[in-house]
Amino acid sequence: MTTTPRARARAQTLADITRIGRDHLAADGAAALSLRAVARDLGVVSSAVYRYVKSRDELLTLLVVDAYTELGDEVDAAVDAAESPVEKFLALGRAVRKWGLSEPARYALLFGSPVPGYHAPAEQTTGPGTRVVVTLVSIFDAAFRSGQLTDRPSPSSLASLHGSFTEIRNELGTELPDEAIARGVSVWASLFGAVSFDVFDQYGADTFSSRDDLFEYQLACLIELAGLE
Numbered sequence: 001m002t003t004t005p006r007a008r009a010r011a012q013t014l015a016d017i018t019r020i021g022r023d024h025l026a027a028d029g030a031a032a033l034s035l036r037a038v039a040r041d042l043g044v045v046s047s048a049v050y051r052y053v054k055s056r057d058e059l060l061t062l063l064v065v066d067a068y069t070e071l072g073d074e075v076d077a078a079v080d081a082a083e084s085p086v087e088k089f090l091a092l093g094r095a096v097r098k099w100g101l102s103e104p105a106r107y108a109l110l111f112g113s114p115v116p117g118y119h120a121p122a123e124q125t126t127g128p129g130t131r132v133v134v135t136l137v138s139i140f141d142a143a144f145r146s147g148q149l150t151d152r153p154s155p156s157s158l159a160s161l162h163g164s165f166t167e168i169r170n171e172l173g174t175e176l177p178d179e180a181i182a183r184g185v186s187v188w189a190s191l192f193g194a195v196s197f198d199v200f201d202q203y204g205a206d207t208f209s210s211r212d213d214l215f216e217y218q219l220a221c222l223i224e225l226a227g228l229e
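In terms of the UniProt record's numbering, the sequence shown is residues 1 to 229.
Don't read these hints as lab results, they were simulated from the structure. C-beta: ideal position from N, C-alpha, C; glycine also. A couple of the hints might just be wrong.
Said to hold, decoys possible - In silico lysine to aspartate or glutamate, EDC-like type, Cα no more than 20 Å apart, as pairs:
| id | residue 1 | residue 2 |
| --- | --- | --- |
| 1 | K98 | E87 |
| 2 | K98 | D16 |
| 3 | K54 | D80 |
| 4 | K54 | D213 |
| 5 | K98 | D212 |
| 6 | K54 | E123 |
| 7 | K98 | D57 |
| 8 | K98 | E70 |
| 9 | K98 | D213 |
| 10 | K98 | E123 |
| 11 | K54 | D66 |
| 12 | K54 | D41 |
| 13 | K98 | D80 |
What the hints assert, rightly or not - Distance windows between CB atoms, simulated:
| id | residue 1 | residue 2 | range |
| --- | --- | --- | --- |
| 14 | A82 | Q12 | 34 to 40 Å |
| 15 | E58 | A9 | 30 to 36 Å |
| 16 | L214 | S138 | 37 to 43 Å |
| 17 | S164 | E224 | 20 to 26 Å |
| 18 | L158 | T4 | 52 to 58 Å |
| 19 | Q12 | A159 | 34 to 40 Å |
| 20 | F200 | A81 | 51 to 57 Å |
| 21 | A9 | E216 | 43 to 49 Å |
| 22 | V44 | G117 | 21 to 27 Å |
| 23 | Q12 | D212 | 34 to 40 Å |
| 24 | A122 | S154 | 19 to 25 Å |
Construct all of the structure, not just a fragment, from the sequences and the given hints.
See the structure below:
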């Protein structure tokens, strides 16, 4: 489809606002974002920016979607280049950590403390925000279908969660049994917990001589938890 000059100009302005918003996010944090400051750096009056982004919350949503999209693109590219389910899982984990360490302010916007007064609109953020977990589920699903996911008895009852797991199966088009989904949720939470500890420097600067090796060990433990062969 051919775009009009007006549409191209609008897209470019939104790209510029996003770029400047990223810079302010890194320098000042999400709570201090200001459309007036963005307008100043863009070289226009604030009323001109309000034609594209009407409030601080809309700017935050723009940055949230932008960050989720970039993270999803990085993860998908890494996973697509791998072959076996184990290799794909390792690629996913490493891509999430690499992006988080290179973009700590944007990672914090997505996975850190909520911004006071801001509520992300689900209709705009759910799709981009679930890309990584959908890819993770697809890895486990492919392993299950090919017999590369170990079947293990549950250490505790999952009966109360059967309805929730059924909804997940229907929504994501997977045949993973309850136990496999429960393990997958644990892997998901543990992976992002490990990355968050690293990105937010919660280990302490001098606690470990090699955080890279620690993370590889954590990934190996998560492979075992998932039951990937």
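Do the hints match the structure? See the list:
A threshold of 20 Å between alpha carbons decides the hint, and for K98 with E87 the separation of about 16 Å falls inside it, so the pair holds. In summary, the hint linking K98 to D16 is not supported, as the alpha carbons are separated by about 25 Å, beyond the 20 Å threshold. Restraint check for K54 and D80: not satisfied, since their Cα atoms lie roughly 38 Å apart, outside the 20 Å limit. Straight-line distance between C-alpha atoms of K54 and D213 comes to about 45 Å, which puts the hinted pair past the 20 Å bound.
For the given pair, K98 sits about 10 Å from D212 by alpha-carbon distance, which is consistent with the 20 Å threshold. The suggested pairing of K54 with E123 holds, with an alpha-carbon distance near 17 Å, which does not exceed 20 Å. Of the supplied pair hints, the one linking K98 and D57 is violated, its CA atoms being roughly 28 Å apart against a limit of 20 Å. Only pairs whose Cα atoms come within 20 Å are accepted, and K98 paired with E70 is accepted, the gap being roughly 12 Å.
The hinted pair formed by K98 and D213 meets the criterion: a straight-line CA distance of about 14 Å does not exceed 20 Å. The suggested pairing of K98 with E123 is violated, with an alpha-carbon distance near 28 Å, which exceeds 20 Å. For the given pair, K54 sits about 17 Å from D66 by alpha-carbon distance, which is consistent with the 20 Å threshold. Taking the CA atoms of K54 and D41, the gap is near 17 Å; set against the 20 Å cutoff, the hint holds.
Among the hinted pairs, K98 with D80 is consistent with the structure: their alpha-carbon atoms are about 16 Å apart, no more than 20 Å. Here the CB-CB span from A82 to Q12 is close to 35 Å, well matched to the stated 34 to 40 Å. The given range of 30 to 36 Å is broken by E58 and A9, whose C-beta atoms sit roughly 19 Å from each other. Against the hinted window of 37 to 43 Å, the Cβ-Cβ separation of L214 and S138 comes to about 27 Å, which falls outside the hint.
At roughly 25 Å, the beta carbons of S164 and E224 sit within the given window of 20 to 26 Å. Hint check: L158 to T4, Cβ distance near 54 Å, so the stated range 52 to 58 Å holds. The hint said 34 to 40 Å for the Cβ distance between Q12 and A159, and at roughly 55 Å that hint is violated. The hint said 51 to 57 Å for the Cβ distance between F200 and A81, and at roughly 28 Å that hint is violated.
Between A9 and E216 the beta carbon distance is about 47 Å. The supplied range of 43 to 49 Å therefore holds. Against the hinted window of 21 to 27 Å, the Cβ-Cβ separation of V44 and G117 comes to about 26 Å, which satisfies the hint. Separation of Q12 from D212 is about 39 Å and conforms to the stated range, judged on CB atoms against 34 to 40 Å. For the pair A122 and S154, the beta carbons lie near 31 Å from each other, so the given range of 19 to 25 Å is not met.
Violation of the numbered hints given earlier is confined to hints 2, 3, 4, 7, 10, 15, 16, 19, 20, 24; the remaining hints are satisfied by the structure.
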